[in-house]
Amino acid sequence: MVQPYVKAQKSKAYFKRFQVKFKRRREGKTDYRARNRLINQDKNKYNTPKYRFVARFTNKDIIAQIVHANISGDIVLAAAYAHELPRYGLEVGLTNYAAAYCVGLLLARRTLKQLEMDSEYEGNVEATGEDFSVEPAETRRPFRALLDVGLVKTTTGNRVFGVLKGALDGGIDIPHSEKRFAGFNKDSKQLDPEVHRKYIYCGHVASYMRTLIEDEPEKYQSHFSEYIKRGLEAESLEGMYKKVHAAIRADPAAKKSEKPPPKEHKRYNLKKLSYEERKAKLIDRLKVLNSAAGVENDSDDDE
Amino acid sequence: MPAGHGVRSRTRDSFSRPFRKKGYIPLSTYLRTYKIGDYVDVKVNGAVHKGMPHKFYHGRTGLVWNITKRAIGVEVNKQVGNRIIRKRIHVRVEHVQPSRCTEEFKLRKVKNDQLKAEAKKNGEVVSTKRQPEGPKAGFMVEGATLETVTPIPYDVVNDLKGGY
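Going down the list, the sequences are from chains G and S. So for the first sequence, the numbering used here puts the first residue at 1; every next one is plus one. So for the second sequence, the numbering used here puts the first residue at 1001; every next one is plus one.
Incorrect hints may have been included.
Taking CB as the label site, the calculated pair distances span [as the list claims (entries may be wrong)]:
{"id": "1", "chain 1": "S", "residue 1": "G1037", "chain 2": "G", "residue 2": "E91", "range": "54 to 64 Å"}
{"id": "2", "chain 1": "S", "residue 1": "G1006", "chain 2": "G", "residue 2": "Y14", "range": "54 to 64 Å"}
{"id": "3", "chain 1": "S", "residue 1": "K1129", "chain 2": "G", "residue 2": "P175", "range": "52 to 62 Å"}
{"id": "4", "chain 1": "S", "residue 1": "H1049", "chain 2": "G", "residue 2": "K113", "range": "23 to 33 Å"}
{"id": "5", "chain 1": "S", "residue 1": "T1145", "chain 2": "G", "residue 2": "K23", "range": "29 to 39 Å"}
{"id": "6", "chain 1": "G", "residue 1": "K272", "chain 2": "S", "residue 2": "L1031", "range": "26 to 36 Å"}
{"id": "7", "chain 1": "S", "residue 1": "G1006", "chain 2": "G", "residue 2": "R140", "range": "46 to 56 Å"}
None of these hints come from the bench; they were simulated from the model. Ideal placement from N, C-alpha and C gives every residue a C-beta, glycine not left out.
One chain only, chain G, in its complex shape (with noise of 0.2 Å):
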């Protein structure tokens, strides 16, 4: 059987002209023409942070951080995730678009308790949907920081809008519009209040289990069966959002975990050779070779 020609696609010249993206760009994490622009500081404001609040989805969890950029590595001055929410009574559901306002809502509470302005900024104490900023108090001025989606996309109603609303009502200042909250009418051009309020107490969660009660009930109890097991409703819902937020304004905290830290890290790669070890393992190669071959003479250099 005659191989095709195949003509070599990748040389030699190729590999070594090839220039590569940043690793994070390789590793399709980072977009960095956004993070110029986030990052980017006044010179004649020196020393500042700027900081960005991150929020970051993944299948089963949320990620807020409030983050300010350094050239040894950014520094994060407070975190909020939604695995923590069982701590304050919301145990299913973790990454829908209510559990995104209440990681929003817990990491601003966060911050603002760290930086002992929490009783000047209070927020939005009822979540009406409604666009709420928050005004400059007496004092001090509002923590400002600036909202860092990633590489999602921003289409209306995302829930990363969901965690940048919790924020503003937990009393942080971040510049926004309303133009991507869910609820917004993009031919009237104006947000309904109703409707994003319904998204932040999990009314379209609610409702799709009504539908689905009345219309395939096998189907309700394989997929809402964590929210049966718990005793959850549609009815339900709305009441316990309301206490979450409620415990969260109450304690904020991060609690540290108990777990005592591992005595010995676990590697996720593989540990680097020394020359020696290196060497050795050569030599080993050699021989299995050498002999495989049938070759008297050893030729390996000892040293």
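Mind docking chain S on chain G? Use the hints.
Chain S in isolation, oriented as in the chain G frame:
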């Protein structure tokens, strides 16, 4: 066609980005802070077209005299005719690097202050002046073998073998 003396003439190589360093510039250039009175090197980054200095200033070192939102005012010496003028230019931060010309001096200053404070405590007098490198110390040449070379007496017959 004549040579052309445009602003960026003859900058084909000096303004071009180095091999395999094209494209996005690392963000540390934007994170550095500069104070008035710092020394900075002017090094043009061809990827950023705004706030570029003239090619004369590429490779010059100057003092910072002004800081604006995105640019830095640098005072550079330029020889014009029979005198040196202190020229003040504004340059965007991408074309500026912190200079290490005073680094050695600053370290030495700190070390000297330390030495003087210690000496004061012990009550001894110490000179912190730098001494120039003197002549090398003498040393014995080791492991040398002697080979005596003498010229061979001139032999007419052999030497004229090639031709005559």
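Quick rundown of the hints versus the structure:
1. G1037/S and E91/G have their C-beta atoms about 58 Å apart, which keeps the hinted 54 to 64 Å range intact.
2. Separation of G1006/S from Y14/G is about 36 Å and departs from the stated range, judged on CB atoms against 54 to 64 Å.
3. At about 57 Å, the CB distance of K1129/S to P175/G agrees with the hint of 52 to 62 Å.
4. Judged by the Cβ atoms, the range 23 to 33 Å given for H1049/S and K113/G is violated: they are separated by roughly 46 Å.
5. Checked against the given bound of 29 to 39 Å, the beta carbons of T1145/S and K23/G, roughly 58 Å apart, lie outside it.
6. Between K272/G and L1031/S the C-beta distance comes to about 30 Å, which sits within the given range of 26 to 36 Å.
7. Restraint check, G1006/S to R140/G: a C-beta distance of roughly 53 Å satisfies the suggested window 46 to 56 Å.
Comparing the model with each earlier hint shows violations of hints 2, 4, 5; every other hint is respected.
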